[in-house]
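Protein chains: 2
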Amino acid sequence: MAGGSEVDRLIELMAKLPGLGPVSAQRAVLVMIRKKAQIMAPLAKAMAEVEATVRECAICGNITTHQFCDICRNPKRDQHLLCVVESVADLWAMERGAYFKGRYFVLGGVLSALDGVTPESLRIPKLVEQVIEGEMAEVILALNATMDGQTTAHYIADQLGSAANLTSLAQGVPIGGELNYLDDGTITAALSARKAF
Amino acid sequence: MAGGSEVDRLIELMAKLPGLGPVSAQRAVLVMIRKKAQIMAPLAKAMAEVEATVRECAICGNITTHQFCDICRNPKRDQHLLCVVESVADLWAMERGAYFKGRYFVLGGVLSALDGVTPESLRIPKLVEQVIEGEMAEVILALNATMDGQTTAHYIADQLGSAANLTSLAQGVPIGGELNYLDDGTITAALSARKAF
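Line order of the protein sequences matches chains A and B. Numbering-wise (numbering that gives the first Met the number 0), the first sequence opens with residue 0 and increments by one. Numbering-wise (numbering that gives the first Met the number 0), the second sequence opens with residue 0 and increments by one.
Next up, chain A with everything else stripped away, as it sits in the complex (with noise of 0.2 angstroms):
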């Protein structure tokens, strides 16, 4: 193309990133390249720095640079609430909403027999383990609300037992959602979990 093949080549690696395009890469290495100093210098450290130290945190397999992560390292957290998320990118949503004060566990997947996911790829058995050594007053199940992520739901309520306190993320009507644009399963499950106005 134009650039050289350096720029190029950077062009084509930042396309494969999700939400950029071939143009918009185009366009987001021109910003780069023209803010060298500001952006792309400091850029090419911080991934060069990650892509050297990031790991699994050892505890609940959240993303982190050290042997556990931040949100594990932190005794302001309660550490008998637990909250089982399927990936790394739902407990950053989980942490968005910056209302959670508990710990997590990343199964990194649901149950899937079409693709071959088990229970021990999903490290179910440190899940019943942590849930017993921590001594955990309560559960969340925060897996989505879609065939397979209720059915791991199940299956490790299943592995739980009477070991601690289980709950699940509520259903209902989304904020800012208008009904007439809700699929009749969200209607249906917002009229059954009704309550006192």
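Just so you know, these hints were derived from the structure itself, not from any lab. These figures come from a predicted structure and were not determined experimentally. Glycine included, C-beta positions come from ideal geometry on N, C-alpha and C. Be a bit skeptical, because a hint or two may be false.
Claimed, not checked - List of simulated lysine to any residue pairs, SDA-like, C-alpha gap at most 20 angstroms:
1) B:44 to A:36
2) B:44 to A:48
3) B:44 to A:160
Unchecked claim - Quick partial rundown of chain A residues pointing at chain B, CB under 8 angstroms, derived from the structure:
4) 40
5) 42
6) 45
7) 52
8) 163
Said to hold, decoys possible - Far from chain B, some chain A residues (derived; all Cβ distances over 12 angstroms):
9) 24
10) 37
11) 136
Start from chain A and add chain B according to the hints.
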């Protein structure tokens, strides 16, 4: 946030790129971390390389990692056909079309009394020198169809005088355009420049 300070810093820097916000930067960083060997490592390397070597082509002002850019060094490009563009982004847009086979001259902006952009800061004297010394047969003024772009085109035309045959991009209905959605100016331009069917 959730991923530790180094990861957060990377997300923050990525979010400064055009087309990415805080949430899409998170998603991009998660993909990078998941595909460390295929995306993150080569991306960090490519970025550091480009950061160290990128510069302006000494002839046309395009971005390059050598003294002269790929286009200026390409002997197959017509040396006597010059296309004047406002920015490197515009040059790349022209190249995406893969129709133009001459060389470029990047102004780096347009004249603007308000922003204090003078003919000297746009390298217009250098353009005049190149057109005369390079014995250009044709100079295409491919500036944006904005007020400042057209003012700059007129100024360049004045400076070049009869040194070369001056042309500009055709104005009219864009490919795939629906008349219903076009502005009055475009319809008028397309109508006044109508051609035999």
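Evaluation of the provided hints:
no. : hint          : in the structure
1   : B:44 to A:36  : 17 angstroms, holds
2   : B:44 to A:48  : 12 angstroms, holds
3   : B:44 to A:160 : 49 angstroms, violated
4   : 40            : 6 angstroms, holds
5   : 42            : 5 angstroms, holds
6   : 45            : 4 angstroms, holds
7   : 52            : 6 angstroms, holds
8   : 163           : 23 angstroms, violated
9   : 24            : 9 angstroms, violated
10  : 37            : 8 angstroms, violated
11  : 136           : 23 angstroms, holds
In summary, the structure is inconsistent with hints 3, 8, 9, 10 from the numbered list given earlier, while agreeing with the others.
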